[in-house]
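Protein chains: 2
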Amino acid sequence: MERRSRLTPEREAEIYECVERLVREHGYENVTMQQIAAEAHTSTATLYRHWNGKPRLVVEAVRNRKPHPLEAVDTGSLRGDLVAGVGPMEHAAPGDHELMAGIHNAARSDADLAAAVREVMAAPIERAVETVIDRAIARGEIPPDPPGRRFVHELLLAPIAVRPMMTGKHPDSEYLTAYIDAVILPALGVRRDH
Amino acid sequence: MERRSRLTPEREAEIYECVERLVREHGYENVTMQQIAAEAHTSTATLYRHWNGKPRLVVEAVRNRKPHPLEAVDTGSLRGDLVAGVGPMEHAAPGDHELMAGIHNAARSDADLAAAVREVMAAPIERAVETVIDRAIARGEIPPDPPGRRFVHELLLAPIAVRPMMTGKHPDSEYLTAYIDAVILPALGVRRDH
Numbered sequence: 001m002e003r004r005s006r007l008t009p010e011r012e013a014e015i016y017e018c019v020e021r022l023v024r025e026h027g028y029e030n031v032t033m034q035q036i037a038a039e040a041h042t043s044t045a046t047l048y049r050h051w052n053g054k055p056r057l058v059v060e061a062v063r064n065r066k067p068h069p070l071e072a073v074d075t076g077s078l079r080g081d082l083v084a085g086v087g088p089m090e091h092a093a094p095g096d097h098e099l100m101a102g103i104h105n106a107a108r109s110d111a112d113l114a115a116a117v118r119e120v121m122a123a124p125i126e127r128a129v130e131t132v133i134d135r136a137i138a139r140g141e142i143p144p145d146p147p148g149r150r151f152v153h154e155l156l157l158a159p160i161a162v163r164p165m166m167t168g169k170h171p172d173s174e175y176l177t178a179y180i181d182a183v184i185l186p187a188l189g190v191r192r193d194h
Numbered sequence: 001m002e003r004r005s006r007l008t009p010e011r012e013a014e015i016y017e018c019v020e021r022l023v024r025e026h027g028y029e030n031v032t033m034q035q036i037a038a039e040a041h042t043s044t045a046t047l048y049r050h051w052n053g054k055p056r057l058v059v060e061a062v063r064n065r066k067p068h069p070l071e072a073v074d075t076g077s078l079r080g081d082l083v084a085g086v087g088p089m090e091h092a093a094p095g096d097h098e099l100m101a102g103i104h105n106a107a108r109s110d111a112d113l114a115a116a117v118r119e120v121m122a123a124p125i126e127r128a129v130e131t132v133i134d135r136a137i138a139r140g141e142i143p144p145d146p147p148g149r150r151f152v153h154e155l156l157l158a159p160i161a162v163r164p165m166m167t168g169k170h171p172d173s174e175y176l177t178a179y180i181d182a183v184i185l186p187a188l189g190v191r192r193d194h
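So the protein sequences, as listed, match chains A and B.
With the UniProt record's numbering, letter number 193 in the first sequence gets 193, and the count goes up by one each step, no holes.
With the UniProt record's numbering, letter number 73 in the second sequence gets 73, and the count goes up by one each step, no holes.
Derived from the structure by calculation, the hints contain no laboratory data.
Hints are supplied without guarantee of correctness; some may be wrong.
[Said to hold, decoys possible] Taking beta-carbon pairs under 8 Å as the criterion, some of the chain B residues facing chain A (in silico):
| # | residue |
| --- | --- |
| 1 | 95 |
| 2 | 98 |
| 3 | 120 |
| 4 | 122 |
| 5 | 148 |
| 6 | 151 |
| 7 | 158 |
| 8 | 163 |
| 9 | 168 |
| 10 | 170 |
No residue lacks a Cβ here, since even glycine has one placed at the ideal position from N, Cα and C.
Whole structure, please, built from the sequences with the hints as guidance.
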């Protein structure tokens, strides 16, 4: 990471904080690199050198604040990992869902932003999901090749992405736990009568 | 429907067509009732009298063109109904997904639009899903109170809402059929070895 060597982690965190605040206040589309540079007391040249452009800078900033809980989890059971991994969705600040929805919306017409979202946000969660499933297979909790494996990543995102659209409400922990038991575990080959 | 009695179905269809074209071209937020009235050769007073406002007019226009395929389906089996009901997602015009994504995005900051989406679009699909499940229960295909029942509506929308966000691709029919077999049917209590 030579190209980033001139920024300390503290400085990087300060810049990320500015970026996130500006995007929350003004929306992704309306924030400029000039604005970010001014607020963070740096230059656009420095921002471009380190992050290549607005898409990557914003996505790294948002991800930096809050890695997906599934990445840090290892409870010893598949159900435990899933519950610990999605439970915190309920406790997201109200603005967090808005922030992500705004970024996803901007990504529909911005291919660089869409690529940054996939690479910086979606890919690590995808790897975390794979790790959780591999551990469950190794423990013998589920069959070696569960039919729903390829869908688990998007199933985990569905409650936050789809439900608010249809009901105006974000899912609570009762809902998320029931969803894991009734949808995700059966898709991974866990029988209901187990 | 006395208040609508002065518009013939043909006239209504013409107005809906104008509305949809304008929203596709300019985006929900940018289209005005004045613009719609001018294009459709009518008055804003008429539009407000019949549709109450832009949210309801736009949502009725989009829905009118294309009711959800699940509403018309009755193949005689649960799997058949689901495949017939989601298969056509694959054949949506590229702009259709964009149109809906734009409306959902606008609905995040427009409570009247969000209510119209729920009432005019989501509720009929929800009822269609209930009907499909009730028929499967009546035929004895699934248990009377399948644990995943409450999640089926959002599971059906997840592939179009979540997958493009993560992969940049819309689901094809192989994907959708595998998803029905691996996720939705097990959530409704259909055993894999059946």
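task = State the violated hints by number, sorted upward, taking the hints as numbered earlier in the document.
result = 1, 3, 10
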